[in-house]
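Assemble the dimeric complex from its two separately framed chains, guided by the hints.
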Amino acid sequence: MTAFKSALELSALLQSGDLKSTELVQSCFSQIREQDSHLKAYVSLMEDAALDQADEIDKKRANGERLPLLAGIPIAIKDNINITGTRTTCSSKMLENYVSPYNATVISKLHSQGLIPIGKTNMDEFAMGSSTENSAFFTTLNPWNKACIPGGSSGGSAATVSARQVPLSLGSDTGGSIRQPASFCGIVGLKPTYGRVSRFGLVAFASSLDQIGPFATTVEDTAALLTVICGKDELDSTSAPVSTPDFLTSLKTPSKRPFHVGVPRELMGKEMSPEVVQSTRQALNLLKEKGIITWEEIDLKSLDTCVAIYYIIAPAECSANLSRFDGVRYGHRAKGTDSLRDMYIRSRTEGFGEEVKRRIILGTYALSSGYYDAYYLKAQKMRTIIRQEFNDAFKRFDVIATPSTPTPAFKLTEHASNPTTMYVSDIATIAANMTGLPAMSIPCGFSESGLPLGLQLIGKAFDEETILQLGYQFQSLTDYHQQVPKGVCS
Amino acid sequence: MLTNDDLDKVLRLAHLAVEDSEKAQYLAPMNDVLKRMKKLDDFDLSAVEPTATVYEGETPMREDIVVDFGDLTIEANAPDIEDNCFSVPKIIAT
Chain A
72 MTAFKSALEL SALLQSGDLK STELVQSCFS QIREQDSHLK AYVSLMEDAA
122 LDQADEIDKK RANGERLPLL AGIPIAIKDN INITGTRTTC SSKMLENYVS
172 PYNATVISKL HSQGLIPIGK TNMDEFAMGS STENSAFFTT LNPWNKACIP
222 GGSSGGSAAT VSARQVPLSL GSDTGGSIRQ PASFCGIVGL KPTYGRVSRF
272 GLVAFASSLD QIGPFATTVE DTAALLTVIC GKDELDSTSA PVSTPDFLTS
322 LKTPSKRPFH VGVPRELMGK EMSPEVVQST RQALNLLKEK GIITWEEIDL
372 KSLDTCVAIY YIIAPAECSA NLSRFDGVRY GHRAKGTDSL RDMYIRSRTE
422 GFGEEVKRRI ILGTYALSSG YYDAYYLKAQ KMRTIIRQEF NDAFKRFDVI
472 ATPSTPTPAF KLTEHASNPT TMYVSDIATI AANMTGLPAM SIPCGFSESG
522 LPLGLQLIGK AFDEETILQL GYQFQSLTDY HQQVPKGVCS
Chain B
2 MLTNDDLDKV LRLAHLAVED SEKAQYLAPM NDVLKRMKKL DDFDLSAVEP
52 TATVYEGETP MREDIVVDFG DLTIEANAPD IEDNCFSVPK IIAT
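If you read the sequences in order, they're chains A and B. Residue numbers for the first sequence follow our numbering, so the first one is 72 and each next one is one higher. Residue numbers for the second sequence follow our numbering, so the first one is 2 and each next one is one higher.
The following block holds chain B by itself, in its conformation from the complex (with noise of 0.2 Å):
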């Protein structure tokens, strides 16, 4: 089951944070889904392959050719753009 720690952990792995006062209602949840997990203990899975995706198809391939999209308006969608570059907050300290 999800404890505080385990839920720091993933906080950190998944670049979110949970106010103290808030675990709770986000632990009972997921530890109800994962409780659910063990009507799985039916199934004998030993020899079971597991089922990604049920695309039968092979990747589909084609020639490395730049095709042009048109104007993607990226400017518009950035939140913060400088000499056409994304700009973020300083990776390395001065």
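The shape of chain A in the complex, shown without the other chains (with noise of 0.2 Å):
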């Protein structure tokens, strides 16, 4: 009965011997083979490094060794997050065969602590999306309800925890991308401070906005995950030189109480489903009743102009990021070429989907001479102002506190005939990015049609510990994250 247990259950029995890693791994391979044929979360596996990997810390802890926390734990990671020697597709015809040459230094930092990578998840291609429907190869479906998307970037790292095959995963999260499937696979998913955790290694979308970060069914695993994988990084130059708190630790010593939490009306009102600021609303209540938050409903009036302004800067930059792919060093080359422009027009256009071809377009259009002012230079101007208001904010509130998403899970290709109408599902995430803000979503509520629905939590820059704390709190009072959804075996 292991695919039901928090990491940290699985960690303890681990230590106390009733388990060996062996054994869980290969428990999260049965899950995966009964499963992923009709679920999809995963790109690539890897059995036999994973499995190695196990049999070594079985050893080292028959042998009387001391091991970390959550040696011995699997995990997924997003398909654009190298790994030495195994595929990072990012699902994109652009990276189908390319061979990590190097190990992200979050990868490093799980094996540091005998964490094991099983596989490679699915995402939207270069992580452009909200629903893995952008990704080349296939969508990923919700666990809960297979004729809805898992959401995106991440869907593919939401989805397999979700559907409880193995514990823990990362994702990458630059407009929401780890929240928006957090909340609609029903699972905690969480976007550091941006600067807290290194990118090195990350395939690059918007490098203002990127972080990785982790997800997990309970707060207390996503607390101790995010503690292996924090801190300062020389092979990132934006990795920010602070201390790493134990955030599993600090979780049950509240620094204060009640928390003050500001709700911003205009992410409560007509853009969102009723059911979802409803849920928000019980969620806030319960915390209120219990004497752990006071809350109040503030204007945030920037709010408005978050989405206008991302699909103005992450276009942007991902236009730069991505020239990086040309057909002369790695990627897709096109056959039969002819002039070195021919090149690398045919292998960009061949390698590259639309929506990745879409922004990329608006990106360089943004840059380009004659409307640099007029749409990037306002965009950038805004994120100031954007900025000064949560600083303000914050000067008041501990939390800010909003629903995940305007609505549950959609239904596949719903969005399919107008893209733009997807880009509003950010509406609530984008603004951490924006102001680069720790943000987790956890689950509260589900829908009339039984769709999880989630809780975000937006935190002080580098204050992870304040939204997990609450968070904490609440799976304490609540047990939206010990559902699982129906069809998931033990």
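If you are wondering where the hints come from, they were derived from the structure by calculation, not from laboratory data. Remember, it's a predicted structure, so these values are computed and weren't measured experimentally. Every residue gets a Cβ at the ideal spot worked out from N, C-alpha and C, and that includes glycine. It cannot be assumed that every hint is accurate.
Partner residues aside, some chain A positions facing chain B, computed with beta carbon under 7 Å [to be verified]:
| no. | residue |
| --- | --- |
| 1 | A379 |
| 2 | M414 |
| 3 | Y415 |
| 4 | R429 |
| 5 | M453 |
Each computed DSS-like pair below joins lysine-lysine, with the alpha-carbon atoms no more than 30 Å apart [claimed, not checked]:
| no. | chain 1 | residue 1 | chain 2 | residue 2 |
| --- | --- | --- | --- | --- |
| 6 | A | K180 | A | K131 |
| 7 | A | K372 | A | K341 |
| 8 | B | K10 | A | K341 |
| 9 | A | K372 | B | K40 |
| 10 | A | K323 | A | K466 |
| 11 | A | K557 | A | K76 |
| 12 | B | K36 | A | K482 |
| 13 | A | K361 | A | K323 |
| 14 | B | K91 | A | K164 |
| 15 | A | K327 | A | K341 |
| 16 | B | K24 | A | K164 |
| 17 | A | K406 | B | K91 |
| 18 | A | K482 | B | K40 |
| 19 | A | K361 | A | K327 |
| 20 | B | K24 | A | K482 |
| 21 | A | K76 | A | K361 |
| 22 | B | K39 | A | K341 |
| 23 | B | K36 | A | K341 |
| 24 | B | K36 | B | K24 |
| 25 | A | K164 | B | K10 |
| 26 | A | K359 | A | K323 |
| 27 | A | K372 | B | K39 |
| 28 | A | K406 | B | K10 |
| 29 | A | K372 | B | K10 |
| 30 | A | K482 | A | K341 |
Written as structure tokens, this is what we have:
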């Protein structure tokens, strides 16, 4: 019965000798074999390497070695994070055969703590999308309702944890790509403060917004994994020189009580579905009844502009980052080209999917002579206003709370005819990327049709501890995080 | 608003191609995004400094010493490699 246990419960079993890491890893692959032909969370699996690593850990444990807390626990990795010797495709034809020559810093950190990567998860191509439908390979399905998408771009990482195939995973979040799929799949997903986790080895989408972060079923597991992956890294020039707290230990000793929570009116109104707003209100009122928080609605007027400026700033940065894919040094190269320019154009046109091309085009336009001031510079100025509004709000409040998404998970192909309607699903999550603030989605209820709903908690810069403490207290009062999609076997 | 001519110009800059029959499906969503930027007209941005990054530290510096990253398996990932060089189509006509 390993599938329904959290990473920390499994860790206790490993430490007591009641479970071996090889057994645990085998049970994960058994779950994946049973479910993944229809769930499609994985782009590639690493069964041999994972079992070898598990065996090594079991031997160390049998020899009486003292091992780190999460040693022997399997973890899934989004397919834009490099692991030496494995394919890192970004779910793109451009990188379909690309084999990573080095480990991302987060992978080195996982290895040093004995966590075991078991496979690379599906995503929207180059992390551009909110449903995994932009994957060049296939669409991942939502374990709660297979007619629905799991969210994105880290949809595979969210779906595999939600389906209890693996207790932990890593994703990346540029505009909500961890928190939105966590909400849609009924699990916890946390985007750390910008600079908290090294981006070295993460394939770049929009470098001023990207952060790697954890998925788990509980806030405790999230805290434990976050502690592992944080830290200053000389290989990432934006990695912040701040110390890493033991997030797990600090969970149970809240820094204050009650926390003061601000709830932006802009995200509790007509753009959000009524059941989403209702579940957020119920969650906040429960915490208030128990004396854990006080809360009040506030105005954050700039939130209305987040989607607009995100779809200028992120494409502008992506158009620069993806210019490296030219068919010369790695990635797809078109056959039978007759000039260098022809090779560039055909390689990029064949290798990138429609949404990636759309964003490169949009970003190139926003950065081009004559349009830079009207779009890119203006969006960057608005970003300053958003930061100021949040800074002002955090003078009064410890946490800003919002629904994680405007609706529950939507149906497959629901937004296929007009991609910009899908862009709005990031309306609540983008601000944390624009400001660099830490934010977490935790399960807070279910829709009428039985789909999970999420509560987003945004904290002050480098204050992940407060949102984790608040999330932990909410999970101590509720059992939404313990609900499991139908059809998930033990 | 973006026109077909704008799109052609940007495609040249971005080293991409789009079939004529597909241009409308690219243009419509992009124009939607540009229209959304009108929401910013409610804010006076004239004296506001732009934010390019939220990272507030200085650019870290280190000694200019070569670091060995080991075997980066460059050959294995290269589409075409010859005499230890990346091979590309001719640039200068003969």
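Status of each hint after checking the structure:
| no. | hint | result |
| --- | --- | --- |
| 1 | A379 | holds (4 Å) |
| 2 | M414 | holds (5 Å) |
| 3 | Y415 | holds (4 Å) |
| 4 | R429 | holds (6 Å) |
| 5 | M453 | holds (5 Å) |
| 6 | A/K180 - A/K131 | holds (19 Å) |
| 7 | A/K372 - A/K341 | holds (15 Å) |
| 8 | B/K10 - A/K341 | violated (39 Å) |
| 9 | A/K372 - B/K40 | holds (11 Å) |
| 10 | A/K323 - A/K466 | holds (24 Å) |
| 11 | A/K557 - A/K76 | holds (16 Å) |
| 12 | B/K36 - A/K482 | holds (26 Å) |
| 13 | A/K361 - A/K323 | holds (16 Å) |
| 14 | B/K91 - A/K164 | holds (25 Å) |
| 15 | A/K327 - A/K341 | violated (33 Å) |
| 16 | B/K24 - A/K164 | holds (22 Å) |
| 17 | A/K406 - B/K91 | holds (14 Å) |
| 18 | A/K482 - B/K40 | holds (29 Å) |
| 19 | A/K361 - A/K327 | holds (14 Å) |
| 20 | B/K24 - A/K482 | holds (26 Å) |
| 21 | A/K76 - A/K361 | holds (27 Å) |
| 22 | B/K39 - A/K341 | holds (20 Å) |
| 23 | B/K36 - A/K341 | holds (20 Å) |
| 24 | B/K36 - B/K24 | holds (18 Å) |
| 25 | A/K164 - B/K10 | holds (25 Å) |
| 26 | A/K359 - A/K323 | holds (18 Å) |
| 27 | A/K372 - B/K39 | holds (15 Å) |
| 28 | A/K406 - B/K10 | holds (25 Å) |
| 29 | A/K372 - B/K10 | violated (36 Å) |
| 30 | A/K482 - A/K341 | holds (21 Å) |
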